[in-house]
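Q: Spelled out, the chains give:
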Amino acid sequence: MSPSASTLPGDWIGIALLLLGCAFYGAGTAGLLRFPDVYSRLHALTKADNQGLLLVCAGLAVLARSWRVAALLGVIWLLGLMAAAVSAHLIARHARHSGSRRTSSEERP
Amino acid sequence: MPTESEPTTTLGKRERLVWARQIFVVLVLMWLALAGLEGWPVGLVTALAGAALSAWLATVKPRPVPPLRVPSFALFFVIESMRGGLDVAWRALHPALPIEPQFHRFELRLPEGQPRTLMVSVLSLMPGTLSAELEGGGDVLVVHALTPGAMASVVLLQARIRRLFALPEDPPEARAEPAR
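Sequence lines, in order, name chains A and B. Just so we're aligned: 102 in the numbering used here is position 102 of the first sequence, and the numbers increase by one with no gaps anywhere. Residues are numbered in the numbering used here as their position in the second sequence, beginning at 1, plus a constant of 1000.
Computed beta-carbon distance windows for the label pairs:
| no. | chain 1 | residue 1 | chain 2 | residue 2 | range |
| --- | --- | --- | --- | --- | --- |
| 1 | B | Arg1105 | A | Ser87 | 17 to 25 Å |
| 2 | B | Leu1017 | A | Ile76 | 28 to 36 Å |
| 3 | A | Thr7 | B | Gly1138 | 50 to 58 Å |
| 4 | B | Thr1010 | A | Arg65 | 46 to 54 Å |
In short, the hints are calculated from the structure, not lab data. Predicted, not measured: the structure shown is a model, and the values here were computed from it. Quick reminder that beta carbons are idealized off the backbone N, C-alpha and C, glycines included.
Based on the sequences and whatever the hints tell you, model everything.
A: Here it is in structure tokens:
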């Protein structure tokens, strides 16, 4: 962790990862707005946003230049994954129980 | 080989010890990530307490994962979840919105407890699939797929989870059944 004022070459990798992560968050939001039903929207939220979180965490780890911080960011990513996966399942189950079984094509047996 | 899905209501001492060991390892790693070696006696006591509590509260058989099988599953997960993120991002941004959402029922061939929990959670991060609901006492998983082809990841993930938990190879009919 060297607090040098000038930007190191590695920093550009970190910044690129951060920007790419933001692009995935943008795509997740686009899916939330554009997809036709609650289930499809959950796909966009869980997958694209977790990809975004992974890239943002990786970018921050590169910028921080510290294994401790990298490990912490890894824990954050895993907790984010678990929260996203569990909440997506709970929302989908609730949607099915409350009668909104609509998806663009009909249910297959 | 451990026997498959029989609901165990009474767990033996050995099984509770296996639970305690698993939770202890996870909690110690978590402490190391959060605090390093700083205040390790507190961390040790807390991890022991957490392990004891979860061993006491456990209701299903523990399924220990052979540690050597973890890296290959972790790599599989990272690659597949990245594919999943890319796939859904592409579909969300594509002007024509190329999705064909549909539900499928998939009969799980995984024992109760950790393997099933892992399947249901991880499936939502695989390309094009979302675990919507468990039916039939947890034996049937209702999967929401963004495209018909996405169901392939369900079969693939189940096979990888069986391998992770060192369960015997999937019977062949399990591979063919749910596709499409």
